[in-house]
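Undergrad: Sequence:
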Amino acid sequence: MIPTIYIVIALLATATCVIVGYGINNGMAAASLITQQQSSDSDSTVIQQSSGQSQSSSTSSSVITSESSSGEGVSSNRVESRTGTDNLQIDRQSSGKIASSSFNLTSGEVEAVLFGDWSLNGTSGFVANFIYKPSNGTDSIEYEMSGLELHSINHINDNLVIVGTIDVASNSTAVLQDTPVTIMLQNGILVVGFGEATEAADLFGGIPIIGFEQ
Numbered sequence: 203m204i205p206t207i208y209i210v211i212a213l214l215a216t217a218t219c220v221i222v223g224y225g226i227n228n229g230m231a232a233a234s235l236i237t238q239q240q241s242s243d244s245d246s247t248v249i250q251q252s253s254g255q256s257q258s259s260s261t262s263s264s265v266i267t268s269e270s271s272s273g274e275g276v277s278s279n280r281v282e283s284r285t286g287t288d289n290l291q292i293d294r295q296s297s298g299k300i301a302s303s304s305f306n307l308t309s310g311e312v313e314a315v316l317f318g319d320w321s322l323n324g325t326s327g328f329v330a331n332f333i334y335k336p337s338n339g340t341d342s343i344e345y346e347m348s349g350l351e352l353h354s355i356n357h358i359n360d361n362l363v364i365v366g367t368i369d370v371a372s373n374s375t376a377v378l379q380d381t382p383v384t385i386m387l388q389n390g391i392l393v394v395g396f397g398e399a400t401e402a403a404d405l406f407g408g409i410p411i412i413g414f415e416q
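Mapping of the sequence shown onto my numbering: residues 203 to 416, in sequence order.
No false leads were mixed into what you were given.
List time: in silico EDC-like cross-link candidates among lysine to aspartate or glutamate, alpha-carbon distance up to 20 Å: (1) 299 to 415; (2) 335 to 319; (3) 335 to 313.
In short, the hints are calculated from the structure, not lab data. Computed from a predicted structure; not experimentally measured.
All chains, please: the whole structure from these sequences, using the hints.
TA: What follows is the structure in structure tokens.
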């Protein structure tokens, strides 16, 4: 009789563990779903999310496609992110002009300009050739950016954000190598940014590098 009681108790304990485990797993799944829904707009629904590992062990990619509805219709957004140091390649070809300047905040006069060309493709990466030209008549300085090493590529619809390192030369002399850089191309506008702690932040007369796609 006593062994039978022990067997019944053991079966009840096993069933309880299974039920509790099932409840925890479903609770975690529900919490994940609620978190995902709360992180988006009430009219937005994620319809696809996938991630994969490429042939290179150091390169991964993920894709999120979402749809949002409003009174005017349905719009879709595609976000693609690729990270790593091997086999990353820019799958877009674009070019344009660099044209930015610094102003005297008191007089409103232009103190210096950056002007030149840039290109972006899967062969050369990102290349820019432009001059820094002060308005006070001092000599201009030629700059060249090349040797882009990709760390991540992010697509948001037709917009592009690239993170990596790049080399900078001044008057054909290398001044920076493997300096961290972020290159953004959004709605036909190019922005090249460097970290505040890098020496590149002190180059170009403190003028932000802004360009336009042609």
